[in-house]
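Visitor: What follows is the residue order along each chain.
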Amino acid sequence: MTSSLSDFISPEEMEQVHTDINDNLTALEDALLLLEKEPADGERINTVFRAMHSIKGIAGMFGMERIAEFTHHVEDVYDWVRKGRITMDKELISLTLLARDQIAALASGNPAGVQEEELQRVQTAFQVMLTPAAGHEKQKNQEPVGLSKAWPTEKTAEALYWVRFRFDLHNPIFACATSPLPYLNGLKRLGECQIIPQFDLLPELDDLDVNICYLYWDVALITDQSELDIRSEFMFIEEDLAELSIKKSPEDLAEGDWRLGRILLDQGVISPQTLAETVRQQRIGSHPEPIGALLTAADPGIAAPVVTALAGQKLVKSRQEVSGKENEVTSVRVPSAKLDLLVNQVGELVIAQARLRQLIVSMKEAYALQGVSEEITLLTENLRDSTMSIRMLPIGTLFNKFNRLVRDLASDLQKSMIMETSGGETELDKTVIEHLNDPLVHLIRNSIDHGIESPEQRIAAGKKPGGRIFLSANHAGADVVIRVSDDGRGLDPKVLRAKGIEKGLITAEQTLSPREIFQLIFAPGFSTKSSVSNLSGRGVGMDVVKKHIESLRGTLHIESVLGEGCTITIKLPLTLAIIDGFLVQTCEERFVIPLTTVRECVRLTKEEIDKAHGEQIINIRNEIVPYVRLRDLFKLRGVQPDKEQVVITEADSQRVGLVVDHVLGQSQVVIKSLGSVFRNVPLFSGATILGDGEVVPILDIGKILEQVTNSSNDVYSL
Amino acid sequence: MEANENRLVLRNRNDIDNAQELRDTLITLVKQGKGDVIVVGQAVELIDVATLQVLWSAMKTLKNRGRKLKFSDISPALQRVMEESGLEKNENDQLIP
Chain C
0 MTSSLSDFIS
10 PEEMEQVHTD
20 INDNLTALED
30 ALLLLEKEPA
40 DGERINTVFR
50 AMHSIKGIAG
60 MFGMERIAEF
70 THHVEDVYDW
80 VRKGRITMDK
90 ELISLTLLAR
100 DQIAALASGN
110 PAGVQEEELQ
120 RVQTAFQVML
130 TPAAGHEKQK
140 NQEPVGLSKA
150 WPTEKTAEAL
160 YWVRFRFDLH
170 NPIFACATSP
180 LPYLNGLKRL
190 GECQIIPQFD
200 LLPELDDLDV
210 NICYLYWDVA
220 LITDQSELDI
230 RSEFMFIEED
240 LAELSIKKSP
250 EDLAEGDWRL
260 GRILLDQGVI
270 SPQTLAETVR
280 QQRIGSHPEP
290 IGALLTAADP
300 GIAAPVVTAL
310 AGQKLVKSRQ
320 EVSGKENEVT
330 SVRVPSAKLD
340 LLVNQVGELV
350 IAQARLRQLI
360 VSMKEAYALQ
370 GVSEEITLLT
380 ENLRDSTMSI
390 RMLPIGTLFN
400 KFNRLVRDLA
410 SDLQKSMIME
420 TSGGETELDK
430 TVIEHLNDPL
440 VHLIRNSIDH
450 GIESPEQRIA
460 AGKKPGGRIF
470 LSANHAGADV
480 VIRVSDDGRG
490 LDPKVLRAKG
500 IEKGLITAEQ
510 TLSPREIFQL
520 IFAPGFSTKS
530 SVSNLSGRGV
540 GMDVVKKHIE
550 SLRGTLHIES
560 VLGEGCTITI
570 KLPLTLAIID
580 GFLVQTCEER
590 FVIPLTTVRE
600 CVRLTKEEID
610 KAHGEQIINI
620 RNEIVPYVRL
630 RDLFKLRGVQ
640 PDKEQVVITE
650 ADSQRVGLVV
660 DHVLGQSQVV
670 IKSLGSVFRN
680 VPLFSGATIL
690 GDGEVVPILD
700 IGKILEQVTN
710 SSNDVYSL
Chain D
0 MEANENRLVL
10 RNRNDIDNAQ
20 ELRDTLITLV
30 KQGKGDVIVV
40 GQAVELIDVA
50 TLQVLWSAMK
60 TLKNRGRKLK
70 FSDISPALQR
80 VMEESGLEKN
90 ENDQLIP
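In the order they appear, the protein sequences are chains C and D.
Here numbering that gives the first Met the number 0 is used: the first residue of the first sequence is 0, the next is one more, and so on.
Here numbering that gives the first Met the number 0 is used: the first residue of the second sequence is 0, the next is one more, and so on.
So that you can see chain C by itself, here it is in the shape it has in the complex (with noise of 0.2 Å):
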């Protein structure tokens, strides 16, 4: 029975595995998206065969034998393709982007996700691409030998190359005067190596002809030469007197898989099958031994290539410590499980924290742990940003997954369309990252659906016949603002008020800002598309797009202009966890306003209120600014103070007023969900726990002020 490492994995190292594969599926799919721009990209080449080859030697290592069958087809015609005997054109990238498909429907471990018939297909095509008959291979170039060649050639990247030289045993070199040691000089020139002389051929003294040179000799050489220049160290002794072999390493230097089975593996020593199964008895000793020595003592006929990967293996370590001496380690993985708990814990200190700090406040003639009150309460901020940063990352990597959907989604509909971004390295939190998925998926699916013209519409309207995509991410504050923007033919406020009436959204007689028009395509069945397709129509998105926002505490607007196209605009908060807040009390209770929305505070003198005539507005510097009572808002029961606070808060661009009794001052809250009973309650964003225990709400001042603009009569009663 074939057992392969796959039998002793645990779950978790298995999810590791599945993680790298899919992070070279990444890499791979970007470098091919870019390729489709600049077919001739080398680097870009070399990204996809390399992380053909990392899919390969991961999936063949831990069992995955189906996927490593078929990368290795892709990985062969991505070699070929490096030295030029294949073209890189646009037929061939689609097929590579499906092969990428394939072989993430086969590491899902879903057997549903895979199409049998698609693989074989797929397959198929690549293996065809390596017979000569194919046509595909062009014209082999004829390296040039001798002194015709030019020399140098450029300089690549660096690589590890493994190159071996043997004379010829027929031939009496020693006789001629003919030495190894100028060619092994020769490398050292290129580059640094490890030279390992290789005696199986020397016979003893009875049989020993000293004319003729028996060793031989393996080099592990790391240069930024060419294999051309590496070869032309030897161009007086090749054709006559000597055979040499130059292979190059596909495993980046830095970041490659330089265990000692991949390397044996890459040069074609061993099997995945005699790897995994020597990686098995290493694991089942007591005395685990190193697995050169398990492998030469199975088969001591590949004691000289382990010596010489294992050559190799030192020269590439002693180039990564040096290198990482001079750039230090970026990055450790860390499950999203730990990542969350430290979150908790962090957000649970902070409440801890401000307990204590209440605590001491209340304690007379506490001096001493004022101080040390403060300290910790520095401290803990610090703590809080720090992972809070953690957990943050740029929202690039979710814009970059979406350059694949809008290449196949403008394929599928006969359309041109780019897609450009920018702001990529602003950085949102983790989980927001992952909820934003699903909404702008389908934002875009509907810019490219109902937004982009036909070519040949977009040319009748004066438009290039190209359409654009345009996402864009940007701090503002304490938030994050994402824009999804199309040049397509925009929304048409008439079609959509219509579209209001006839489903009983709005009245004929209302009217109604664009703006407020818009809105209307966020109730739940309303769309304008007469038919529906696989993409959108069923105007069963818009209100799911927003409920989503909203429950990750953002808002969604959006504005057009018919004929030029359309922006949505999101904004969220930076983070879930905890925030800043701003204590208010009114009557016996206590709320929070996050601090980003908080601009100024005033008081609300008498003056003010004769001023208004019996609005409820204020001016400041020149602005009027509506207010509201949160007594009045919550019908809270209690004595109106003389001298009111005006919270001036700000949301969405436009500001107004929250009239308290006390500003009690800032704090850390840690947002607590509201749970299931008041999930509904609009006008509270979330809760948190004070320092003497007591729940308070959080305002959602986006809501209040939708409250406040409509000049809703409704009141909530806490």
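Just so you know, not all the hints are guaranteed correct.
Here are the simulated EDC-like pairs of lysine to aspartate or glutamate, each with C-alpha atoms no more than 16 Å apart in a straight line [to be verified]: (1) D:Lys62 x C:Asp651; (2) D:Lys30 x C:Glu203; (3) D:Lys30 x C:Asp199.
From the structure, some residues in chain C lie toward chain D, with a derived Cβ separation under 8 Å [to be verified]: (4) Ala174; (5) Ser178; (6) Asn184; (7) Gly190; (8) Ile194; (9) Ile195; (10) Pro196; (11) Phe198; (12) Leu201; (13) Pro202; (14) Glu203; (15) Leu207; (16) Val209; (17) Cys212; (18) Leu214.
Each pair of labels, with its calculated beta carbon distance range [to be verified]: (19) D:Gln19 x C:Asp40: 52 to 60 Å; (20) C:Leu33 x D:Leu45: 39 to 47 Å; (21) C:Ala297 x D:Leu45: 51 to 59 Å.
Rather than coming from a laboratory, the hints here were simulated on the basis of the structure.
Cβ coordinates follow ideal geometry from the N, Cα and C atoms, glycine included.
Given chain C's structure and the hints, the job is docking chain D onto it.
Guide: Relative to chain C, chain D alone:
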């Protein structure tokens, strides 16, 4: 080179011209001697790979008979050529003492 029962002292010049003589001397040491063979390299000023190959063949021959070839007093010239050819280690990847 000079050879007593188990010691072989290399000359100052060692190349293909005297490689055959070295081989014959070593054969004698292997067949007639017992124990390990010590190669003294103090006087070496010039040595080539052909000579080193003879010495390594001797090393292999002795090893197959349960004996060893060792080096002593390695001159700088000898050390340099051994390093250049990767032969500063024996066939078991052990450094030549």
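Visitor: Give a verdict on every hint.
Guide: Hint check:
| no. | hint | verdict |
| --- | --- | --- |
| 1 | D:Lys62 x C:Asp651 | 86 Å, violated |
| 2 | D:Lys30 x C:Glu203 | 12 Å, holds |
| 3 | D:Lys30 x C:Asp199 | 22 Å, violated |
| 4 | Ala174 | 7 Å, holds |
| 5 | Ser178 | 6 Å, holds |
| 6 | Asn184 | 6 Å, holds |
| 7 | Gly190 | 16 Å, violated |
| 8 | Ile194 | 4 Å, holds |
| 9 | Ile195 | 6 Å, holds |
| 10 | Pro196 | 4 Å, holds |
| 11 | Phe198 | 4 Å, holds |
| 12 | Leu201 | 6 Å, holds |
| 13 | Pro202 | 7 Å, holds |
| 14 | Glu203 | 4 Å, holds |
| 15 | Leu207 | 5 Å, holds |
| 16 | Val209 | 4 Å, holds |
| 17 | Cys212 | 7 Å, holds |
| 18 | Leu214 | 6 Å, holds |
| 19 | D:Gln19 x C:Asp40: 52 to 60 Å | 58 Å, holds |
| 20 | C:Leu33 x D:Leu45: 39 to 47 Å | 57 Å, violated |
| 21 | C:Ala297 x D:Leu45: 51 to 59 Å | 44 Å, violated |
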